[in-house]
Amino acid sequence: MRRVAVLGGGMTIFRRRLQETGKEMSFEASRMALNEAGLELSDVDSVVLGSAPDAFDGIHLKGENLLDGAGAVGKPYIRVFVGGGTAVFTPIAGWWHVASGLADVCLVVAEEKMSSCFPHPQSAFGHIWDPILDRPLKPNLVWIFAMEMNRYMTVHNVRKEDIARVAVKNKRNALDHPSAQLAADLTVDDVLNSEVMAWPVQRLDISPPSDGASALILASEDVAKKLTDDPVFLAGAGWCIDSTMWTDRDLYFPEYVARAARMAYKMAKIENPRKEIDVAEPYDPFDYKELHHMEGLLLCDKGEAPILTREGVTQRDGDLPTCPSGGLLGVGNPIAATMGIKACEIYWQLAGKAGKRQVPTDPQTGICQAWGDLMQYGSVLIMRRG
Amino acid sequence: MERRIAVVGAGSTTFEPDTVGQSWKELMYEGASSAYRDAGLNPRKDIDSFVTCAEDYWEGFSIYDEFVPDQLGAVLRPACTVSGDGLHGLAIACIQIMSGMVDVVAVEAHSKISDLITYNDVVLHAFDPVYNKPLAGHPYYVVGMEMNAFLDSSGNTEEHCAGVVSKNRTNALRNPLAPYGGEISVDDVMESEPLFSPAKKLDISELVDGSIVLVLARAEKVKEITDEPVWITGFGWNSDTPWLEGRDWGRASYAESSSKMAYKMAGIANPVDEVDFAEVDDKFSYKELMHIEALGLAGRGQAGSDLESGRFHPDGDFPINVSGGSLGCGNLLEASGLHRALEVVLQLRGKADGRQLKDVERGLAQSWRGVPTASGAAMVFER
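Respectively, the protein sequence lines represent chains A and B. Per our numbering, residue 1 is the first one in the first sequence, and the count goes up by one each step. Per our numbering, residue 1 is the first one in the second sequence, and the count goes up by one each step.
Hints were generated in silico from the structure; no laboratory data involved. Note that the structure is predicted; figures quoted are calculated from it, not measured. Even for Gly, the Cβ is constructed at its ideal location relative to N, Cα and C. Wrong hints could be hidden among the right ones.
Claimed, not checked - Label-pair restraints from in silico Cβ distances:
1) A/Asp230 - B/Asp317: 53 to 59 Å
2) B/Gly100 - A/Ser123: 40 to 46 Å
3) B/Arg4 - A/Thr361: 40 to 46 Å
4) A/Leu137 - B/Glu220: 45 to 51 Å
With the hints as extra help, turn the sequences into a complete structure.
Following this line, the structure appears as structure tokens:
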């Protein structure tokens, strides 16, 4: 297999972006990534776009509409879509383009514009349910995540205080991120006293809807060696989907994430992820999800993630820095575009380009993960220096 | 390209204007299980990756990807949705295999368009929301305008387009999957109701339901799976601008670029001599002529007269759409390209029954994503 390097990343500010179209945000992120890589659009052989439901932007065939903003006119262009998992799945699809020999340089763009869904993007989620079994109950995403959080807390006897520490950590980390939407210096009590949405989920346990775009430049080893002395390479990828019937499984552990992680570790020849992973960006749309996903990624035992969090292991200067970007909780959650705080962040951390967010341990290997569909999709990407 | 990837299994449902007795999950199950049976594979153990080609609004869901795994045998396996035509999905499956990550991939595409009661509005919803959508009307006005621009700039005629309809619907009589086979004459088409002038009722393919699945495998795995592999030796895909106002309406540049990429990969310098037959997109009659010229299978402005001479008929020099195409089999939306690939595979296997072409070694499949896109793909298959 051809080795594939990451040469540049870019992301817009995550906000309600009423003034910009999805095309414009895609352009902005792509231009930033090309600038960082020192390349021009004419150097790009193919383009991959990731974006989640069309109902957010309110455009059918959304990928076709966005393609000129993503620089894809006259090029091989494809959109991939695996719900929230798109954020980390899109660069995996870019990897195929370069590793197969089809492209020497692939531009990977992720876009989401949730604010055009009126009155609130939650209404688009009204149509993600089985039309016969679920939809008549008029479920809401916060409710089912409350069920999952409750199950996780019950099985492992986890206290809410320990889950709240994730929100405190990530929102504080986000103070150092120039794109952040909800960075804040909070206490555990602030989280525990915030408005109850659907017990045990409270306002500050949740990441905000957002608009934004992010981009990555992937290239063959030959191209990379001409442009940098110390490239970051893609080392392992995994993706996995569980049954549509979410009501049929025990929600306390994301087996689909574990299978995706094993696939990625095998490819990256990692036998002991706890020792070999230096920095992690698990998907954190809710604070308990970071813990859930650390366990799914096999970075700790089942039920151990809250303890590591309490002990400070996951702080930016801890043994296993986790969500040093500030995550979805702090930087924002424009679904697919969170590639910018997952895949781009791991690239920036390994390349030593993370600025004030840089973890101090000179990381060599990092992992990022996204989660999506109906609590059923895991996508995992591992990067490594040299 | 050397022989690195082969189609080792193929299956589909029949194509029907309505399938009230089956859900979309059941259609997908039927397509997938027939392909797995054909390949002799157990999806839960033998298939490494699954690709579905789908779009949320066609399906009536946000995040349609959720509803894919169970009926494909893909639970707790690597699977993804590609928002593209079935040929895009096949191309993505090929690069998954070429990247070394997986060995065997199943690609599914389907249409359950009979569930959708607002087709016109959904198509219009794909138009630019600021500049085009507010003009409203039936979105196929674009078809009339493009047909006009193509005929005007190429010199092909409305009668030539009617000849495409006549050929393809006659061909469909010999395809057991096809619901729109018929002895339709050029006059029948010319006298049919004008809808989006110059496009008439019979120039436009009817929407149908159906599901198609192909299984691809890496060369090293092929021998243990099948004795009759059909090799994929070249593929390409490309998009022109999404702006209706920004395109050259007289030509299909996406088909020119994607076929060029596919021919290069397959080592084809002159497709007319080196390819034996083709299945090209004909969602609208003029599109077949436009695509034939873009694929380099006829000179500019020559497709219509070549058709008249019988060159593209099943017994002609270069048979095109022996399956009946979309005009004869129906418009399968994102599954249309996979249907073209299926027909090429059946012909190369010698399993096309009453419509089998003689002595074919190499075939081309080509797709277009439909109104209002300028995106498409092309793929070369060999025995």
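Notebook entry, point to check: Tell me, which hint numbers fail for this structure?
Noted result: none
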